[in-house]
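**Student:** So the chains spell out like this:
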Amino acid sequence: MLLIDCPWCGERAETEFSYGGEAGITRPKDPAALSDAEWADYLFMRNNPKGAHRELWNHSQGCRRWFGIERDTLTYRIAGTFRLHGKDEG
Amino acid sequence: MARQTNRLGSGGRIDRSRPLRFRFNGRDYGGYEGDTLASALLANGVRLVNRSFKLHRPRGIIGCGAEEPNAILQLGSGAGTLPNQRATQVSLYDGLEARSTRGWPSLRFDASSVNDLFGRVFSAGFYYKTFMFPQRWWDYYEAFIRRSAGLGVAPDRPDPDRYEHRNAHCDVLVVGAGPAGLMAALAAARSGARVILADQQREPGGSLVGSDLPIGGRPADEWIAAVVDELREFDDVRVLTHSIVFGYHDHNFVTIAQECGGDMRERLWRVRARQVVLAQGAFERPLAFCNNDRPGVMLASAVSAYIKRYAVCPGRRAVVFTNNDSAYQCALDLAHAGATVGALVDSRGSVSSELTDRVEAVGIPVLHGHIVTDVRGRLSVGGVRVARWNGDTDARADNSIDIRCDLLAVSGGWNPAVHLHSQAGGAIAWDERRHCFVPAESRQANRSAGSGNGRWSLADCLRDGRDAGVAAARSCGFDAAEPELPVVEERDETPLQPLWRVPAARDPDSCPKQFLDFQNDTCVADVRLAVREGYRNVEHVKRYTALGFGTDQGKLGNITGMAVLAETLGAPVASVGTTTFRPPFTPVSFGVCAGEGVGELYDPVRKTAIHEWHVSAGAAFENVGQWHRPWYFPRAGEDLNSAVARECLATRRSIGILDASTLGKIDVQGRDAVAFLERIYPHKVGRMAVGRCAYGLMLGEDGMVMDDGVMTRLGDRRYYLTTTTGGAARVLAWLESWLQTEWPDLEVYLTSLTDQLSTISVAGPNSRRLLEKLGCSIDLSREQFPFMSMRQADLAGLPVQLFRVSFSGELAFEINVDSAHALALWQTLMDAGREFEITPYGTETMHVLRAEKGFVIVGQDTDGSVTPIDLGLERMLAKDKDFLGKRSLARPDCVREGRKQLVGLLSADGRTVLREGAQLIEEPGAAHPVPMIGHVTSSYMSDCLGHPIALALVAGGRSRHGETIHASLGAGSIATVTIVPPVFYDPQNERQHD
Amino acid sequence: MKYSALSLLRNALSHNRNWPEAWRSPKPKKKYDALVIGGGGHGLATAYYLARDHGMKDVAVLEKGWIGGGNTGRNTTIVRSNYLWTEAALLYEKSMQLWEGLSQDLNYNVMFSQRGVYNLGHTLQDMRDIERRVSANRLNGIDAEVVTAVQLKKNIPQLNTSPTSRYPILGASLQRRAGVARHDAVAWGFARAADRLGVDIIQQCEVTGIRRDGDGIIGVDTTRGAIDADRVGVVVAGHASVLASMAGIRLPIQSHPLQAFVSEPLKPVLDTVVMSNAVHGYISQSDKGELVIGAGIDAYNGYAQRGSFPTIEHAMQAIIELFPIFSRVRMLRMWGGIVDVAPDACPIISKTPVNGLYFNCGWGTGGFKATPGSGWVFAHTIANDEPHELNRAFDLQRFESGALIDEHGAAAVAH
Amino acid sequence: MTDLSQRRHGLETLVGAHGDREQLSATVTLEIRAAVRQLNLRGDPGKAGLRTAAEEALGQALPVQPNATTAGPHTICWLGPDEWLVLSATPDAANVATALEQALSKHGAAVNDVSGGQVLLHLAGSGVRDLLAKGCTLDFHPRAFAPGACAQSGLAKANVLIRLDEDGEAFDVVVRRSFADYLLRWLRHAA
Ligand SMILES: Cc1cc2nc3c(=O)[nH]c(=O)nc-3n(C[C@H](O)[C@H](O)[C@H](O)COP(=O)(O)OP(=O)(O)OC[C@H]3O[C@@H](n4cnc5c(N)ncnc54)[C@H](O)[C@@H]3O)c2cc1C
Ligand SMILES: NC(=O)c1ccc[n+]([C@@H]2O[C@H](COP(=O)([O-])OP(=O)(O)OC[C@H]3O[C@@H](n4cnc5c(N)ncnc54)[C@H](O)[C@@H]3O)[C@@H](O)[C@H]2O)c1
Ligand SMILES: Cc1cc2nc3c(=O)[nH]c(=O)nc-3n(C[C@H](O)[C@H](O)[C@H](O)COP(=O)(O)O)c2cc1C
Ligand SMILES: [Zn+2]
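Chains as they are written, first to last, in the working numbering: chain A, 1 to 90; chain R, 1 to 994; chain P, 1 to 415; chain C, 1 to 191.
These are computed hints drawn from the structure, not numbers from a lab.
It is possible that some hints are incorrect.
As the list claims (entries may be wrong) - Each pair of labels, with its calculated beta carbon distance range:
(1) R/E638 / C/Q65: 52 to 62 Å
(2) P/M1 / R/S350: 43 to 53 Å
(3) R/R21 / P/D271: 30 to 40 Å
(4) C/R21 / R/G775: 32 to 42 Å
(5) A/L74 / P/E389: 33 to 43 Å
(6) C/D130 / R/D212: 33 to 43 Å
Said to hold, decoys possible - Short derived list, chain R residues pointing at chain A, Cβ under 10 Å:
(7) D116
(8) W137
(9) D250
(10) F253
(11) R272
(12) G425
(13) E701
(14) E736
(15) W738
(16) D882
(17) R887
(18) R891
(19) P892
Where a beta carbon is used, it is the ideal one built from N, C-alpha and C, also for glycine.
Start from the sequences, fold in the hints, and give me the full structure.
**Tutor:** Here you go:
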């Protein structure tokens, strides 16, 4: 069970959190202007690396904040957590 | 009752003042408090305890701990029975009953032991090579295979015991309370760190329990007691015994199963440790020689432990066979216990004279450069064959002599218990000097100490433990001093001679069986066969031969097996490696893993504030999400259908009342509330006037309908949304995620009011009169309070929000009230409604009423592949703005012809109620696969209309109104149906607008 | 040497010294007509059918570890074909038909045991979904029936059918032809049969690069050197994205840990397979006697072949909820696999933008049952550079067009 | 009309025979604190004026440190960087919401009275830490959970807010109303 350092609440057990997949996916500004392929890319294509992964987690049983984590998908080691849109975003 | 013939007159950690009685295979025996089942059996001279899995060979107790593969017994009977208990780890208690799991008609005369005669046929992988012809016989073959497999029997009744979970945090967790673990714990505790020390045995001390070795000038037992006493003095130290650390998971999360006694049978400790010291000790390993599985062949350290801890000498005439120093102590212990030691057979050509002298001094002949090649006896050891040996594994053993004995104590060296280290992701390395795998680099915050770290001498174990404890405490930021080490005797050691497979008189493929995995009957020849057949990877060998697959998970024989594999491959052991160490370290009950979360606590039952009223009204409940919702309210003699018919008609004719509190409710406020909701919802949110309600659909980015509900504009910058019962949490999280991750610039706050507000829906032509009767602070007339609007009001003296929305098609009011008052309001409504024959209804009636109106239920009439257009709600999709999911609706598959669309269905015979889920086809009797054009999503008898109705999704359905198709009714029968528009009742919507 | 009772006896007489290798361990050649990357069940089946049905014998299977060591060797072995959507149902049914003669076809007993699979329904919506699926199955010619709670009680007496349990069991679907098989034997059986037809099975050979020349494939780099090939089929389950990125293409795949565990071996106590979606757990008893139990998928991406302990706790609770008598039974071992999940929980068996490069992935938590069928259609796709009718819908294009085959929706249980 | 005054929280059926105060075990007592009003407040503390306005309306500052509470006329718990829970047992508690709402409306904040939707359980006694540890992964050691601190987490299978009082002796546990029956069952079982 992972130990996740919520940027607000501190270290908490994995069971307090929910996972949100790859971080940094931004919704296209003008979806109508995209081709089907580009839209499919936004909808479905996600990085799925074996190794370092920047991903979103939500402290759903805690402060309900979404934040970022850099985690290794092979060792599960967490290199760090970061707030979104804030100055600590790496 | 049998006499405890093997019990020594004195000594041991047993309490002779507390005799216990137990039963094994129908016979009564005696033992003492402090015995394990195994020690008590041995005390009573019981040799034969079980039969092996495949070959049904007679088997006896071989070890004294988690490594025991043979003494796997069934305990007790009835609901409290426990299958597959390892006798070496079961504490004896009064009245214990145990049975062997194999052996028919009896353990001594097992009919299936003929398997042993055909042992060669049952070679590795034999299942895969036969039972194929004729194909249809497989079922019989399989039934036979299944019957002959398996160990114990599962209980046939629910568990009478309880289990609990317990979370704990500590700075330093020490696993194992042997000398290394005790020193580690002491060092850490003295530094002020929070320490947990866990050991699976009933008392701390590890392999020192019962030992007479002097430590720091006093007997080991006293030293242990002093250390434990000191540890118990610290507030922040917890010493757990009977506690198996079974799993080392990610991020230093460690799980421990503690045996508790009483009706709380076991406790799961879920420990988050900052640092872990693993002082698990080491497992002695056996040697592979012919018939090394005969009852009476035991691990040397186990023999010593039985003598010292339990005052049981498992044999009278013993032979000791070793390739290392440690078994010399066993020979001494045996002699001390009064047994005759016929010989100490040491494969090594020369050994330190000090050691040899000490053994010879008590009259034990020592045979250096000798090996035991074979064992005589069948149900019990009768003697051993000993041969001279020059160290060449390929040589045939000859010049043998026979030595009579009833006990053979074996030591093939030691394997550090690297299990938890390895579970934690740590590397292990083959130590060329000590000939064993030792922990290498750790991947988590843990370190190993003691014999688990490849240290054999007591002095080394103590030092290693202390150092680990100090280092662990320091890593946690504590200023740990080094406790002084107790003085112990140190001796010179003669290195172990690597010996795994003992040469026999014949070659290893044709000699009598040399066992590696006793439980699965895996022999040296099987490993060799696997290699010959191409199963060369250690993992293939494991799976092909079942080596290490048993309930001891290879603790006894795996490493020996890997070494034999290496030898067969002609490769170094290091390159063969081990199989993966996985939790649990030893088997743990399902019950303890599940903890309290079973039965009524399996999943929370969410209840509305009115729940108890429903219960007393005799409601039948339905699970919706985690909620229990009234499904219908049967009166005496009514079934679902008749109750629902009554509830529906009452609502259509006068008033029905529904507890709709489970709807998700979200308060949306903030400067950018409009902008936000415009992006979420397909309709024009900003155009809504304050006080107006609108039906809102929520789409996923894939364009599919995700949830629906009513939204109400409460103010310029404030809205109130409802969601489906099941979708409440998901929708709130979804909205919040858009705000936080995508549009942080929007100032909008979402607050869940699902629990704060209870919702009571009153529907039916008399609903307005009812509210008026109760005293309502506002004008409820159609003109002043039109359909799809909302008002704050006082109702029956309570502040409420009134909504003129209708999910039934009738004139209806939804009343939001503070949950603290919901039950009171409900009762008030019921009282006042008596004159209108107000009728409470449940979800089933709600479904019928809404289906008559063609309103969909997301999740029932949709399934994640349905767009708003498919539902006929295209008009809700704003053209001149973007919203979530909009782009997806323009994808080729979403605009293609022939998508499934929502329609109504009428049975041609006017009687048949279609089955919900039934598939729709055009051509009955067509060949498989029959093309399906849709399916029935909702179907009910409409008593109000006098005929059944159904909703369905049908390919191109909207343009097919009036056409006839067919619904399959299971079991081959077919109903003919007509496609109609999905609104059956009051299509002009006059009633709800009333 | 043909495997049979007779050959067992004969070899026993010679102390089993004369058994031949089940498969060779050849050195990789410089070039093959076709390469299959991934020595799981799917990859080995692909190679076997390429050789058997399409006359392509110059084929190698490249496996980074040991064959069958991926999900093939760590799954709960449930085999069924009662899928909802026609596209999926027909594909899995093809597989089911191959299963039914597989031991004989391969001359390797894969212990395919058609003991029936029950999918339990706990809510009214579950029952609607079950009805819908069973109805669809029957029209597709797949055996399926709806079973009431009363019948369940009779058929599976150990099951907790109490109406007062937290999620009472309302009924189930049953596919009698469904069941379980011996996972390792599937990999080994295909390997041996493929080897017989000349396929090279090369273990400890990790593909580290995919070489393309413009739009076409030319070969791969491996830890055992470069190997050229005209066609390359990739069937690496959880590693699909890793291989795809070597080829410079993207896949809508996420890799997640999925865990399972076994109990200690017990005398026969459960003679069928029980799966529940609402009370998330699925269970069967292996021929050796262990209860084989699947846990839920861990939400996060992971390549570690292990997951979170709370997931195991939940599975235990679910199993005890369904079978209270198993509370005192003990877990012997737990482990994890890396499952490759596509957005619609359906596989991708497809050509790619690179000519001669084919991907077969996305089987997620439920591809063991498809092993023979998947190999069969993938072999067809590789040999003909064109999908078979049965896998045409499972292409990459569907994510663009939106024509997903949404088994998430109603079929729900994905294993 | 029904006399509504006798209903204080509508939880009577839930606490059943035990009444508002119950001895869960030899070392833990449970009390349902129905009289405490609970206000949920959301707003941006970085916004000029919001904190001052709130402080004026409430007579005490909003905690801005995670997992902290402030004491004063009320107890205010930090729930998130823009969310607080005001627990108020003052005589005029019923009006606090209105006052707060008025004070904060121009600062774009959201105030909701959630007293009816949440149940406040007060757990006291020497066994409370051990009891909570059975169902919660938080560390309740005095070194880790200081008096006056609060944290949201899971307790058994319910989401909760847990607060340790200023004396470091008793814990308040706030749970959503629909889960209260479950949580009470769990507490009785686990104790
Ligand atoms: C716990 C669990 C339970 C499951 N239960 C079921 C079930 O009950 N029923 C069911 O139908 N399905 C089930 N599944 C799913 C099923 O196991 C898989 O879908 C199926 O086995 C996939 O087979 P495969 O041959 O595609 O993959 P795998 O067996 O994983 O084979 C892929 C192979 O590719 C190799 N590889 C990866 N990268 C490279 C590289 N770079 N070079 C060379 N080789 C490489 C891997 O080493 C691996 O051996 C379960 C899965 C898990 C994990
Ligand atoms: N060659 C030799 O002579 C030789 C070899 C090995 C050990 N020894 C002697 O044995 C002693 C070793 O001391 P030590 O402290 O390293 O080990 P130990 O064997 O004395 O203690 C280890 C303890 O850990 C417990 N344990 C193991 N796994 C556990 C788990 N998963 N959960 C809970 N408890 C667990 C064991 O039950 C045991 O009580 C020394 O006295 C040493 O001299 C000698
Ligand atoms: C269907 C099935 C049955 C299994 N039965 C056993 C068993 O009886 N004993 C055992 O030790 N492991 C058993 N395993 C687990 C394997 O030992 C092993 O954990 C699994 O194949 C994953 O490999 P790994 O642990 O080596 O990574 C079984 C696995 C599967 C898939
Ligand atoms: Zn947080």
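**Student:** All hints are to be evaluated individually against the structure, with a verdict given for each.
**Tutor:** So, going through the hints one by one against the coordinates:
Between R/E638 and C/Q65, the C-beta spacing of about 59 Å keeps the proposed range 52 to 62 Å intact. The given range of 43 to 53 Å is respected by P/M1 and R/S350, whose C-beta atoms sit roughly 48 Å from each other. Between R/R21 and P/D271 the beta carbon distance is about 38 Å. The supplied range of 30 to 40 Å therefore holds. Distance hint check for C/R21 and R/G775: the Cβ-Cβ separation is about 36 Å, which falls inside the suggested range of 32 to 42 Å.
The given range of 33 to 43 Å is respected by A/L74 and P/E389, whose C-beta atoms sit roughly 39 Å from each other. Against the hinted window of 33 to 43 Å, the Cβ-Cβ separation of C/D130 and R/D212 comes to about 39 Å, which satisfies the hint. Hint status for R/D116 relative to chain A: violated, with the closest Cβ pair at about 46 Å, above 10 Å. The interface hint given for R/W137 is violated, since its Cβ lies 46 Å from the closest Cβ of chain A, which is over the 10 Å cut-off.
Of the supplied interface hints, the one on R/D250 holds, with its beta-carbon coming within about 5 Å of a beta-carbon of chain A, less than 10 Å. About 4 Å separates the beta-carbon of R/F253 from the nearest beta-carbon of chain A, less than 10 Å, and the hint is met. Look at R/R272: its Cβ gets to within about 7 Å of chain A, closer than 10 Å, so that hint holds up. Given the 10 Å rule on beta carbons, the hint for R/G425 holds: about 7 Å separates it from the nearest Cβ of chain A.
Given the 10 Å rule on beta carbons, the hint for R/E701 holds: about 6 Å separates it from the nearest Cβ of chain A. Hint status for R/E736: holds, given a least beta-carbon distance of 6 Å to chain A, under 10 Å. Interface restraint check for R/W738: the shortest CB-CB distance to chain A comes to about 9 Å, inside 10 Å, so the restraint holds. The criterion of a C-beta within 10 Å of any C-beta in chain A is met by R/D882, whose closest approach is roughly 6 Å, and the hint holds.
Residue-level restraint check for R/R887 holds (minimum Cβ-Cβ distance to chain A is 4 Å; threshold 10 Å). The beta carbon of R/R891 comes within 6 Å of a beta carbon in chain A, closer than 10 Å, and the hint placing it at the interface holds. Interface restraint check: R/P892 against chain A, minimum CB-CB distance 7 Å, threshold 10 Å, status holds.
The structure does not agree with the numbered hints 7 and 8 stated previously, though it agrees with the rest.
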